[in-house]
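There are 2 protein chains.
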Amino acid sequence: MNQDLKTKILSKVKDDLLDIETALHENLAPCLDIVSDIAGHLLFSGGKRLRPLLMVLSARMCGCNNKNEIDFSIIFEYLHAATLLHDDVVDEAEMRRGKKAAHAKWSAPKVVLTGDFLLARSLTIASMTRIPQIIKIIAKITEEMSQGEIDQLARKNDIALTEEEYMDVIRRKTAVLIQGACRSGAVFAHGRGKNNVLKDSEEKKREKALSDYGYNLGIAFQMADDLLDYTADAITMGKNPGADLREGKLTLPLIAALARADRKDRLWMEKIIKASLFNENDFKNLTDMLYKYSGIEYTESKANDHAIKAKSCLDIFEASESKDVMMMLADYAVARKV
Amino acid sequence: MNQDLKTKILSKVKDDLLDIETALHENLAPCLDIVSDIAGHLLFSGGKRLRPLLMVLSARMCGCNNKNEIDFSIIFEYLHAATLLHDDVVDEAEMRRGKKAAHAKWSAPKVVLTGDFLLARSLTIASMTRIPQIIKIIAKITEEMSQGEIDQLARKNDIALTEEEYMDVIRRKTAVLIQGACRSGAVFAHGRGKNNVLKDSEEKKREKALSDYGYNLGIAFQMADDLLDYTADAITMGKNPGADLREGKLTLPLIAALARADRKDRLWMEKIIKASLFNENDFKNLTDMLYKYSGIEYTESKANDHAIKAKSCLDIFEASESKDVMMMLADYAVARKV
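As you go down the protein sequences, you meet chains A and B in turn. In this text, residue positions in the first sequence follow the numbering used here: the first is 10, and each later residue adds one. In this text, residue positions in the second sequence follow the numbering used here: the first is 10, and each later residue adds one.
So that you can see chain A by itself, here it is in the shape it has in the complex:
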């Protein structure tokens, strides 16, 4: 079923995705060869372009449709890629999207610097909009994301991580960027769109609705991702399951199960977490406990709540192609198996 949903979404956005792809290639082409190589390795390895697409759709929802939004939207793929590059170095991840992580192919310093370059390039594109509010949003995204990563690093293997703290981690790590992409789409449309005849308060309402949609979609998306790290298999996911645990990252399925486990099981789980080293059998037993203590079920239900909330944020908008896609994306965020 979710395969059908994916096909349906893709058929509706294929032109936009092609335009985004072209914009990315054109923007990256004049860079130093090595920068293009490292950035391209990640950028052109099957990313979903979810973030630029959301920015484009959000802009359309606010009446903008002059194709400028495509050129501008790649900011959000660059920001995403910059974060992934730095994260891979930080986490010493070996695989990303089914390929070797960039730093396993190039030296970590080169990867760090390419991340910096992509960050800077996204800023350059943002400055071309000449809309100070957009710059502010992007600056804030970057600040929050780096603080979130540092925080996550400081809490590595910390069995005391609460659900509330987890929510703050995934907000900064994932939701902030998706939220920023949606919000920027609205701001861009209101500052630049052709149909700029709405009142200020109406504009603010739309901006807030899209921002809230993005936040909830981002949370749902990350929770689904954290579930997949326990439930998916290596081939469909493009990376090894259990990666989060190996990197010392406690996610909701585990946090929820820990809170419900009896003393004996909890102690065993804590031992596995602290060790960060486990064999396939240990991992299977741990996953069984996540089911036994409803860690999986609880996370699925929370992810669904956020997907539903995301959709309800769009209530204020009239029916449109863009709205259809955004509704389907919220469903897909929690239904996907990869």
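By construction, these hints were calculated from the structure, which means they are not laboratory data. A portion of the hints provided could be inaccurate.
[Stated by the list, open to error] No farther apart than 25 Å at their CA atoms in a straight line, the calculated lysine-lysine pairs in the DSS-like style are these:
no.: 1; chain 1: A; residue 1: Lys-76; chain 2: B; residue 2: Lys-145
no.: 2; chain 1: B; residue 1: Lys-145; chain 2: A; residue 2: Lys-145
no.: 3; chain 1: B; residue 1: Lys-149; chain 2: A; residue 2: Lys-145
no.: 4; chain 1: A; residue 1: Lys-145; chain 2: B; residue 2: Lys-320
no.: 5; chain 1: B; residue 1: Lys-283; chain 2: A; residue 2: Lys-114
no.: 6; chain 1: B; residue 1: Lys-182; chain 2: B; residue 2: Lys-320
[To be verified] Derived DEER-like restraints, expressed as beta-carbon distance ranges:
no.: 7; chain 1: A; residue 1: Ala-163; chain 2: B; residue 2: Lys-273; range: 51 to 61 Å
no.: 8; chain 1: B; residue 1: Ala-163; chain 2: A; residue 2: Lys-273; range: 54 to 64 Å
no.: 9; chain 1: B; residue 1: His-34; chain 2: A; residue 2: Lys-214; range: 35 to 45 Å
no.: 10; chain 1: A; residue 1: Glu-173; chain 2: B; residue 2: His-34; range: 27 to 37 Å
no.: 11; chain 1: B; residue 1: Ala-38; chain 2: A; residue 2: Ala-163; range: 17 to 27 Å
no.: 12; chain 1: B; residue 1: Ser-116; chain 2: A; residue 2: His-34; range: 34 to 44 Å
no.: 13; chain 1: A; residue 1: Gln-12; chain 2: B; residue 2: Ser-116; range: 51 to 61 Å
no.: 14; chain 1: B; residue 1: Ala-38; chain 2: A; residue 2: Lys-214; range: 28 to 38 Å
[As the list claims (entries may be wrong)] Not the full set, but computed from the structure, chain B residues with beta-carbon under 10 Å of chain A:
no.: 15; residue: Ile-140
no.: 16; residue: Ile-146
no.: 17; residue: Ile-150
None of these values were measured; they are calculated from a predicted model. Heads up, the beta-carbon is just placed ideally off N, CA and C, and yes, glycines get one too.
Take the given structure of chain A and dock chain B to it, following the hints.
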């Protein structure tokens, strides 16, 4: 003599330096503890605050004096610090400003992420000016600096590096930021200053003059730095001499000497460069060759040329306290022994 010059400069700018120091502390205080710690380790370890100071002086030269320029100027210390943090990880440097480099005290990932945070924070401050041109300048600086670092990394231990290529490396690595600080001062003053009564063409002339001053000062400054790596001693410099060579960085004193050396000496020098490993005696012999083949002298003369050029860029400005300091800074850039 250059000690006198330093004392004279410091006496003239001590109030501004204090204000910059306060602004840095206030801006950094609300951050996560670990971010403040890592960033503060570098930020408050005796940096010269040259870049924010130049921005403030440039703004004053263009008629701005409302203290806002102080809050804004710390952008350039943040950008500088972010670069140093990433560079230290990239170069695996052990010492910085006489202290352990940040990544020797904290893990490299945390240092990388703190660099990202400072980059983002400088952007947030820039966005508060609401002057799109400033954002553009800062984005361009970051882009150029990261590309420059990547390029330098790719040319490690490359004995074929030409003087022209070296000029491009130091332009991106050092001059671009100092130039950007000076130019932003002018843009900030023209956009925000109280005495904003000049004509556009006059404003452009001033902006260009300060931008050129900054470029030439930056080049002179970096050449002097590259000289010190061969001529200074460890205690006054706060890091070990020969560090550039150990990191595989060919600088002008060496490039110029290589171009003039006879075959036998050149082959010996190339051997030392390629090895990146040398004892104190080797380093002494190499330094002797830089003198013998006028590598030191040539670099000193080039640095002086740029310092003189920097000063001549200020010809269009009437006499003022700020101009006095900027003239002295150009002299100090090449006279300093640390």
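Verification of the hints:
For the hint pairing Lys-76 of chain A with Lys-145 of chain B, the CA-to-CA distance comes to about 22 Å; that is within 25 Å, so the pair holds. With a CA separation close to 13 Å, the supplied pair Lys-145 of chain B and Lys-145 of chain A stays within the 25 Å bound. Pair hint Lys-149 of chain B plus Lys-145 of chain A holds up; C-alpha atoms about 17 Å apart against a cutoff of 25 Å. A C-alpha spacing of about 36 Å is found between Lys-145 of chain A and Lys-320 of chain B, which places the hinted pair above 25 Å, so the restraint is violated.
With a CA separation close to 23 Å, the supplied pair Lys-283 of chain B and Lys-114 of chain A stays within the 25 Å bound. Taking the CA atoms of Lys-182 of chain B and Lys-320 of chain B, the gap is about 21 Å. The hint holds against a cut of 25 Å. At about 56 Å, the CB distance of Ala-163 of chain A to Lys-273 of chain B agrees with the hint of 51 to 61 Å. Under the hint 54 to 64 Å, the C-beta atoms of Ala-163 of chain B and Lys-273 of chain A, about 56 Å apart, fit the expected range.
At about 40 Å, the beta-carbon gap between His-34 of chain B and Lys-214 of chain A stays in the expected band of 35 to 45 Å. For the pair Glu-173 of chain A and His-34 of chain B, the supplied restraint of 27 to 37 Å holds, since their beta-carbon distance comes to about 31 Å. Taken as a hint, the range 17 to 27 Å holds for the pair Ala-38 of chain B and Ala-163 of chain A, whose Cβ atoms sit roughly 19 Å apart. Our hint of 34 to 44 Å for Ser-116 of chain B and His-34 of chain A holds, since their Cβ atoms are close to 36 Å apart.
A hinted range of 51 to 61 Å for the beta carbons of Gln-12 of chain A and Ser-116 of chain B is inconsistent with their spacing of about 41 Å. In this structure the hint that Ala-38 of chain B and Lys-214 of chain A lie 28 to 38 Å apart at CB holds, the actual value being about 35 Å. Of the supplied interface hints, the one on Ile-140 of chain B holds, with its beta-carbon coming within about 8 Å of a beta-carbon of chain A, less than 10 Å. A distance limit of 10 Å between C-beta atoms decides the matter here; for Ile-146 of chain B the minimum to chain A is near 9 Å, and the interface restraint holds.
Interface hint at Ile-150 of chain B: satisfied, since its Cβ lies 8 Å from the closest Cβ of chain A, which is below the 10 Å cut-off.
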